[in-house]
Amino acid sequence: MGTTDGGGNDAVAGTRPIRESLREYGRGVIGGLLFSLPLLYTMEVWWEGFIARPPELLLYLGVTFVLLLGYNRYAGMRPDAGWREVAADSVEELGIALLLTPLVLFLLGRIGPESNWPELLGKVVVEAMLVAVGVSVGTAQLGGGGQESDDGGGSEQDDDRESDAGTESESGNDRGFWAQTVISFCGATLFAANVAPTEEITTIGLEASPARLLGLVLFSLGIGCVTLYFSGFAGADRHVRREGRLRFLTGTVTCYAIALAASAMMLWFFGRFDGADLPAAVSQIVVLALPGMLGASAGRLLIQ
Amino acid sequence: MTAPNSDRKNALEWGVFALGALLVAATVGCLVFEWVRQGNGAPPAPTVRLGTAEPRDGVFAVPVTVENKGGSTAEGVRVEVTLVRPGEPEERASFTVAFLPGDGTREGWVTFSTDPADGRLEGRAVGYEQP
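From first to last, the protein sequence lines stand for chains A and B. With the first letter of the first sequence counted as 1, position 241 gets the number 241 in UniProt numbering; the numbers rise by one all the way through. With the first letter of the second sequence counted as 1, position 62 gets the number 62 in UniProt numbering; the numbers rise by one all the way through.
Hints are computed from structural coordinates only; laboratory data are not their basis. Glycine included, every Cβ here is placed at the ideal spot set by N, Cα and C. Any given hint could turn out to be false.
Example chain A residues on the side facing chain B (calculated, C-beta under 7 Å, incomplete) [unchecked claim]: (1) Ser-21; (2) Pro-55; (3) Leu-67; (4) Ala-88; (5) Glu-92; (6) Gly-95; (7) Glu-119; (8) Leu-120.
Okay, chain A solo, but in the shape it has when bound:
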């Protein structure tokens, strides 16, 4: 790590390394999903996309932008940033949310070829503003050690972290595979339980085509992989094993298996499999496994 990290990409001295920006965006995306997923899985919010009129949506967008400005100014990544940079960061976060939201809404079958323009616009804006706030919080708060090692201000924190890690390793930092599995399961259950008993899981699951479900599986795997291995997420350096070249594949797949198991358990508990055939059961499990995966990856790191 240190100043050489991604240094080869720096065209101009003093710019942030590309790799660090990518990690920040990764954490932004995870944060956006983590904080707004229950709302992406709420039909009243989908309906608001039909109901809200353009002036209301414009006002809503404006208010969100002001919130983002405020948050980025007083609690954001760079507390010393000027208003210009804060405004630029806010625009970036809105942009990420405006890309991420249609993708998730499409995978959940809320928008598609049958949606017309006002409907699409309404649903995306209503959900994206909630996601944008999550992106902002995620970028600023979900980072762990290492990512600030390039600027001088971060070195003190790094020292703290190292000493933390030192004490941790004596008191059970090396939580083994089973311990991590159990904690992942707790995270998945904790997070997916937000939406598990709701009707939305059944609605999305029964309406989804196999292609969209496959897309949802790949999206869940991608999110988990980025969280655990490629975003510098808080605690990932201590709690996620990294040895082995294909470690990120096995780790991600294990995590998804846990998310699927936790989802199946909860859906069974809430009686969602009564009278459902196998495809209907699998669809619902896959739909719930996205929040499950966030819980098993990001949640797991946040609760230990």
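We have chain A; now place chain B onto it with these hints.
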């Protein structure tokens, strides 16, 4: 553009910023356009089109297309189709569209126990809410 005490944006971040600015501007532009286009919002006006019946598991299914020709969304659109035959009682079938956005289209089916080919089908949206 460099703020004091802070590292500068790299090419990737400028790219994301440009994309974000474009998306935000496009969203605002579209919303303003929709606002102007819709005006005060013409009331919802769902119209019903019927297709040809096809036999299916002992019933006759008729495809129905509901289109909202008004500007604003209609909620809980109840579509009712009546099969009228001279000298015989009417047979009714219906379904509900939860949300029908302005200028939007939704598709559904109604079924009848007898072949509608020898009668006359009449479909309309019998009621809806303006949210």
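Hints broken by the structure, by number, lowest first?
3 and 8
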